[in-house]
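Protein chains: 4
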Amino acid sequence: MSLNTFGHLFRVTTWGESHGPALGATVDGCPPGVDLAPEMLQQWLDRRKPGQNKFTTQRREPDEVEILSGVFEGKSTGTPIQLMIRNTDQRSKDYGDISEKFRPGHADITYWQKYGIRDYRGGGRSSARETAARVAAGGVAREALKSLVPGIEITGYMVQMGPHRIDRDRFDWDQIEQNPFWTPDAKAAEDWAAYLDGLRKSGSSVGAVIEVVARGVPAGLGAPVYGKLDTDLAAAMMSINAVKGVEIGAGMGAAELTGEANADEITMGPNGPEYSSNHAGGILGGISTGQDVVVRFAVKPTSSILTPRKTITKSGEDAEIITKGRHDPCVGIRAVPVGEAMMACVILDHLLLDRGQTGGIRGQIG
Amino acid sequence: MSLNTFGHLFRVTTWGESHGPALGATVDGCPPGVDLAPEMLQQWLDRRKPGQNKFTTQRREPDEVEILSGVFEGKSTGTPIQLMIRNTDQRSKDYGDISEKFRPGHADITYWQKYGIRDYRGGGRSSARETAARVAAGGVAREALKSLVPGIEITGYMVQMGPHRIDRDRFDWDQIEQNPFWTPDAKAAEDWAAYLDGLRKSGSSVGAVIEVVARGVPAGLGAPVYGKLDTDLAAAMMSINAVKGVEIGAGMGAAELTGEANADEITMGPNGPEYSSNHAGGILGGISTGQDVVVRFAVKPTSSILTPRKTITKSGEDAEIITKGRHDPCVGIRAVPVGEAMMACVILDHLLLDRGQTGGIRGQIG
Amino acid sequence: MSLNTFGHLFRVTTWGESHGPALGATVDGCPPGVDLAPEMLQQWLDRRKPGQNKFTTQRREPDEVEILSGVFEGKSTGTPIQLMIRNTDQRSKDYGDISEKFRPGHADITYWQKYGIRDYRGGGRSSARETAARVAAGGVAREALKSLVPGIEITGYMVQMGPHRIDRDRFDWDQIEQNPFWTPDAKAAEDWAAYLDGLRKSGSSVGAVIEVVARGVPAGLGAPVYGKLDTDLAAAMMSINAVKGVEIGAGMGAAELTGEANADEITMGPNGPEYSSNHAGGILGGISTGQDVVVRFAVKPTSSILTPRKTITKSGEDAEIITKGRHDPCVGIRAVPVGEAMMACVILDHLLLDRGQTGGIRGQIG
Amino acid sequence: MSLNTFGHLFRVTTWGESHGPALGATVDGCPPGVDLAPEMLQQWLDRRKPGQNKFTTQRREPDEVEILSGVFEGKSTGTPIQLMIRNTDQRSKDYGDISEKFRPGHADITYWQKYGIRDYRGGGRSSARETAARVAAGGVAREALKSLVPGIEITGYMVQMGPHRIDRDRFDWDQIEQNPFWTPDAKAAEDWAAYLDGLRKSGSSVGAVIEVVARGVPAGLGAPVYGKLDTDLAAAMMSINAVKGVEIGAGMGAAELTGEANADEITMGPNGPEYSSNHAGGILGGISTGQDVVVRFAVKPTSSILTPRKTITKSGEDAEIITKGRHDPCVGIRAVPVGEAMMACVILDHLLLDRGQTGGIRGQIG
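Chains as they are written, first to last, in this note's numbering: chain L, 1 to 366; chain R, 1 to 366; chain U, 1 to 366; chain B, 1 to 366.
I should point out that these hints are in silico values taken from the structure, not numbers from a laboratory.
Note that this is a predicted model, so its numbers are computed, not measured.
Just to be clear, a hint being listed does not mean it is correct.
Across the chosen pairs, the derived CB separations fall in these ranges [to be verified]:
#1 U:216 <-> R:151: 33 to 39 Å
#2 B:147 <-> U:150: 52 to 58 Å
#3 L:324 <-> U:216: 48 to 54 Å
#4 R:151 <-> L:147: 30 to 36 Å
#5 U:190 <-> B:171: 38 to 44 Å
#6 R:198 <-> L:361: 44 to 50 Å
#7 R:39 <-> B:317: 44 to 50 Å
#8 B:271 <-> L:173: 28 to 34 Å
#9 L:191 <-> B:147: 57 to 63 Å
#10 R:150 <-> L:177: 54 to 60 Å
Some, not all, of what chain B presents toward chain R, calculated at C-beta under 10 Å [said to hold, decoys possible]:
#11 14
#12 68
#13 84
#14 88
#15 111
#16 199
Backbone N, C-alpha and C define an ideal beta-carbon position, used for all residues, glycine too.
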């Protein structure tokens with residue numbers, strides 16, 4: 001995992017800026033023989049695509065993915081898969097203000113301080129547009145997983161918007177696709193709609209918490225002590241723009257538990273070990289248990305808001321800045337498919353790693 | 001970062017089990033000419049060492065570190081530094097129960113499922129004893145940082161034990177060294193002592209939240225988009241035993257904020273940019289801002305408790321297990337120096353990475 | 001260095017097949033602020049381009065490179081640089097024979113055995129066309145080197161074609177650009193022209209030896225013991241299609257030398273150490289001495305020849321194969337700019353690595 | 001592969017200097033369940049051990065290997081294996097001369113130039129003693145290979161000493177263990193004994209060429225285009241001290257061949273493809289063919305000789321140096337087990353890599 005590359009064996013390198021000619025992902029290490037066609041990837045990109053409802057940015061990016069290499073006659077060849085998404089909706093507007101001032105809460109100032117140069121148009125490399133490439137790569141990972149672990153399912157959804165959390169008692173998997181927030185709580189979806197509409201109209205923004213669950217992950221993925229499954233999941237989620245916290249299973253809440261409460265008790269079921277609870281989030285000692293792998297991450301609110309904020313210019317003068325434009329009042333919404341994509345990449349990577357080291361042969365129980 | 005190695009240029013590989021002859025860390029990529037002697041590392045190990053007060057395990061491990069290579073006439077040579085800590089207090093007790101049963105909340109079952117073999121003595125590789133090697137490696141990182149960034153300070157402390165949080169209004173840096181919990185809140189220290197004593201006597205355990213702050217980190221460390229400073233910090237902390245959540249700056253709480261509240265406003269100060277707040281935790285777009293770098297992580301309670309828990313045996317039979325022995329009622333305490341060590345390693349690694357790519361030359365402001 | 005990626009800090013991942021829509025290189029870790037424009041890269045691609053004279057394949061590929069990311073207002077930004085070369089001259093011919101039979105001396109059979117699928121059109125991923133992407137990436141490395149080490153020069157040339165070697169007494173740097181073989185020996189160029197013309201007309205092919213020299217490389221690049229400069233150079237050159245041997249300095253000939261003959265004696269010159277000879281090829285203990293870095297590699301003859309060769313089909317039947325088409329009688333010619341590109345990438349990578357670890361500060365002599 | 005680490009999934013990091021307390025190898029990624037005991041590794045170390053006959057250095061190092069971690073009840077656990085070899089025969093002699101002067105042909109000067117500090121005692125990190133750690137790690141790889149690919153055999157032998165080559169017509173596998181040079185040509189062994197004795201008595205030294213063959217390697221190991229099997233073998237061999245050239249199959253001689261001569265023709269045999277010859281050295285397109293994998297490397301003569309050589313001091317003064325001591329007249333001899341060890345590590349690594357990506361399922365022929 002170095003700079004713009006993620007993964008050990010299934011390696012994804014994303015490239016591109018929001019206002020250059022294109023962006024994409026170079027995917028190396030995909031198993032051969034996986035069915036792959038652009039439309040298999042496009043379905044996931046369409047979920048992340050802006051402009052789908054009033055709660056996401058009104059930019060119109062078709063985000064159409066092209067496969068430039070690594071696929072032959074509809075199947076992966078085992079060589080690098082180049083995925084390219086052309087940038088089309090680049091309004092030729094005046095970037096003067098942003099080019100000279102640093103937006104608070106944005107990467108403007110740190111890119112400048114590090115590199116002494118930055119592509120300020122639309123955030124350049126730091127734009128959330130980069131995540132389109134991750135979603136495309138995640139689509140490849142999903143297809144590979146499908147062929148290797150039939151029945152595996154990776155699903156993301158929103159569990160908190162601003163201060164409003166879902167009610168776990170109303171959790172309904174079928175609701176997730178029924179509302180613009182991908183939330184499993186239908187009542188929350190209604191409440192959030194009104195809440196976010198208010199924020200949107202006032203030019204404000206708010207954060208969110210996304211949960212991603214992988215069901216059907218075999219036991220035995222991960223490794224001590226830096227190649228842990230949870231280490232890589234934490235890295236994967238934290239690498240998404242605007243993410244400030246990552247939790248596995250009980251997460252930060254684990255601090256409040258006693259040993260008695262935290263222990264997920266084990267009994268023998270017809271198909272192997274069964275657990276009384278899942279505080280571990282499906283991972284013990286960095287290795288999957290066979291339970292659902294559960295990750296949550298918090299997305300901060302967009303820093304692009306209409307209320308003026310204090311900042312400074314490149315020449316070191318105090319100033320104020322308002323970020324107009326077509327921004328997401330809750331970028332967390334579009335982070336859902338991104339989180340799913342990162343989960344898919346990590347699980348596949350560890351599946352390959354495990355197969356490499358152990359051959360996938362497991363210690364028997366019973 | 002692969003399996004047992006952490007870092008890009010400053011690379012730490014830890015090795016060893018709790019009940020083998022020794023454990024240690026192979027540190028590669030240390031800058032040459034850094035002052036290094038065993039006692040510089042020992043001071044940090046002594047903080048992590050068990051048996052220092054009644055709130056940590058009563059095992060007696062001297063945890064003495066030896067430098068086997070990479071240091072010549074008191075200075076690092078730029079070649080690999082081998083740090084070895086011999087295991088001495090290995091009670092020759094009967095491990096029969098643990099060898100056949102899997103402790104709930106423990107890596108016993110997943111190691112078995114993955115590898116088909118496990119060193120069950122004291123947790124083997126999954127033992128928290130492994131973190132001694134990290135602390136030793138962190139000591140090397142601290143010395144290197146000292147020579148590269150004079151004035152840098154890395155400090156960890158406990159901010160929550162079980163459900164009890166510190167009061168930030170009572171935060172006092174000087175208190176940290178004054179109590180067995182390394183907490184900056186003297187009042188909390190008192191309360192926790194009573195609370196933990198009760199848990200200890202009942203053979204129970206509880207979780208905690210640790211915060212680690214790096215002060216004096218220059219702006220410009222980190223890189224898009226997977227080599228982010230926060231990505232590596234999240235990975236570093238999540239890789240520590242028993243950690244279930246990681247936060248940068250506002251962390252999970254960022255989800256509750258509006259864009260207005262979250263924006264750390266910027267003004268020009270005498271020595272460069274100044275910020276009105278630090279929700280970002282010193283990192284924007286994956287790159288350090290020059291503010292304090294602030295990381296928090298949650299440590300779950302030890303699963304080794306006296307209350308019997310349901311489990312299964314290797315042969316697949318239902319059973320109960322009690323974990324006797326000399327365990328920490330709150331392993332979070334001893335995680336403080338470990339978190340500091342990981343912070344030191346990550347900051348140094350990114351300092352070297354940044355120097356490699358950019359030469360450390362910064363975009364000027366003003 | 002894993003699968004399709006080369007380098008530690010300056011990392012090049014090439015992608016693409018000879019008959020897909022495009023191929024290219026994803027270049028990560030380039031220093032920021034380096035002047036970069038397509039024409040700076042194109043000049044090197046034009047040297048490798050087929051169809052320039054009768055001694056190279058008559059395919060007509062414009063090999064025009066596009067920069068899709070990582071460059072803003074004519075300078076590198078420090079983020080990934082995507083270089084794309086579209087494939088244009090893909091004759092829609094019948095590949096039936098090659099799709100069913102394995103060409104001896106070619107990757108056809110091993111790709112099939114490993115992946116169970118292969119893009120047989122023009123060799124797919126194993127085509128020498130992949131080296132165009134390396135040359136483009138090498139162009140980036142050259143520009144970065146220019147800004148970091150003024151005066152550095154990287155030059156490749158042919159020193160042997162088939163059994164015919166150059167006469168080192170006739171070595172003339174100025175001749176290299178004057179003949180189609182990039183050889184410094186004008187007399188050899190004449191002889192080889194006649195020799196190769198004969199081979200070409202008979203549909204045969206022959207091997208060659210290329211030497212690449214980097215002049216002006218500072219002392220101190222490289223590292224023990226697997227990150228050696230010569231280790232990475234050997235890997236870089238051996239990774240080029242058709243290369244079967246790599247030598248540093250005296251190379252395989254070092255075996256014949258006595259210790260007395262091999263020792264490059266050192267004297268003190270006005271600008272530092274001077275050497276009586278350069279059997280070491282500018283590298284001692286894996287680290288550059290400041291002398292010319294000298295690498296040689298042998299390129300085997302194209303296996304695509306007109307003489308029928310015995311082979312088998314996918315269904316396991318014995319067969320014969322003739323490879324018609326527009327092949328190079330001596331692919332070694334076009335390997336010259338490829339070797340230069342790899343040298344440029346390795347030197348830059350080690351320059352960044354060294355700056356990362358040591359800050360580029362050197363032990364003083366005198 | 002970075003600095004002191006070698007390998008992708010089976011990763012070996014060596015550490016230690018010739019005159020420190022110990023040296024060793026940290027082996028990460030070994031498959032679990034491999035039979036391992038010190039004596040399995042010791043047998044290979046004993047082959048490399050100095051002082052076995054008059055043709056190797058008369059230092060007496062027992063080179064006893066200890067396994068400090070990663071093995072439980074005689075089997076690898078899948079966690080890091082720490083191999084340690086204590087340094088015992090460190091004569092407390094005066095190193096004054098070497099500490100101030102740089103030996104020509106030695107790493108003395110470059111270590112100094114790079115790091116500004118060097119452990120001059122016995123060459124420190126650049127000592128050939130480092131290769132003991134490789135041999136130990138190679139022993140682990142051999143045991144793992146044995147369990148994964150029954151029948152695989154890795155054998156190294158000397159094919160050239162100074163200007164004297166073996167006669168391939170006299171090649172006899174059984175001779176290799178019968179002479180101090182591990183050469184398959186009994187007549188050469190006799191001649192070389194006399195030749196080397198002369199060199200030894202005169203305090204001189206000479207180079208050699210070692211060939212290492214892996215028999216029984218399955219087809220399909222390796223990967224395009226930087227993860228090639230030959231790329232990694234070239235890197236592995238070039239990383240050995242004093243190696244200046246590496247060849248695969250026909251090697252540098254491939255340059256002299258025509259396409260007709262070079263093509264290894266294929267016919268269908270009872271157990272799959274058969275080849276008329278092996279110019280490819282068992283590797284096509286970077287992937288193994290199932291033929292013998294054949295690598296050769298040239299070892300330069302020891303630079304430690306009795307004839308005075310010109311050099312300079314740290315203070316920049318011209319000087320002469322004689323290297324007394326107990327040095328090998330032909331270090332190539334002891335490089336034989338080292339080359340075998342590197343071959344074992346590379347083959348195992350690629351076996352795991354291949355199993356990870358493809359699951360080891362092969363394209364069928366016939």
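Could you check if residue 88 of chain B really has its C-beta closer than 10 Å to a C-beta on chain R?
violated (14 Å)
With respect to the beta-carbon atoms only, verify the hint that residue 150 of chain R and residue 177 of chain L lie 54 to 60 Å apart.
holds (56 Å)
Between residue 147 of chain B and residue 150 of chain U, does the C-beta distance stay in 52 to 58 Å?
About 55 Å separates the Cβ atoms of residue 147 of chain B and residue 150 of chain U, which means 52 to 58 Å holds.
May I ask you to test the interface hint for residue 111 of chain B with respect to chain R, counting a Cβ-Cβ separation under 10 Å as satisfied?
holds (8 Å)
Under 10 Å is the threshold here; is the Cβ of residue 68 of chain B close enough to any Cβ of chain R for the hint to stand?
Status holds, d = 5 Å.
If you check the beta carbons of residue 271 of chain B and residue 173 of chain L, does the distance land in 28 to 34 Å?
52 Å Cβ-Cβ, so the 28 to 34 Å window is violated.
Taking the Cβ atom of residue 190 of chain U and the Cβ atom of residue 171 of chain B, is their distance within the range 38 to 44 Å?
Holds: the Cβ-Cβ distance is about 41 Å, inside 38 to 44 Å.
Beta-carbon spacing of residue 216 of chain U to residue 151 of chain R - inside the hinted bounds 33 to 39 Å or not
holds (38 Å)
Distance restraint hint 30 to 36 Å, applied to the beta-carbon atoms of residue 151 of chain R and residue 147 of chain L:
violated (54 Å)
Under 10 Å, Cβ to Cβ, is where residue 84 of chain B needs to be relative to chain R, so tell me if that hint holds or is violated.
Result: holds, 8 Å to nearest chain R Cβ.
Do the Cβ positions of residue 198 of chain R and residue 361 of chain L conform to the proposed distance bound of 44 to 50 Å?
holds (46 Å)
With respect to the beta-carbon atoms only, verify the hint that residue 39 of chain R and residue 317 of chain B lie 44 to 50 Å apart.
violated (38 Å)
Hint compliance for this structure: hints 4, 7, 8, 14 and 16 are broken, all remaining hints hold.
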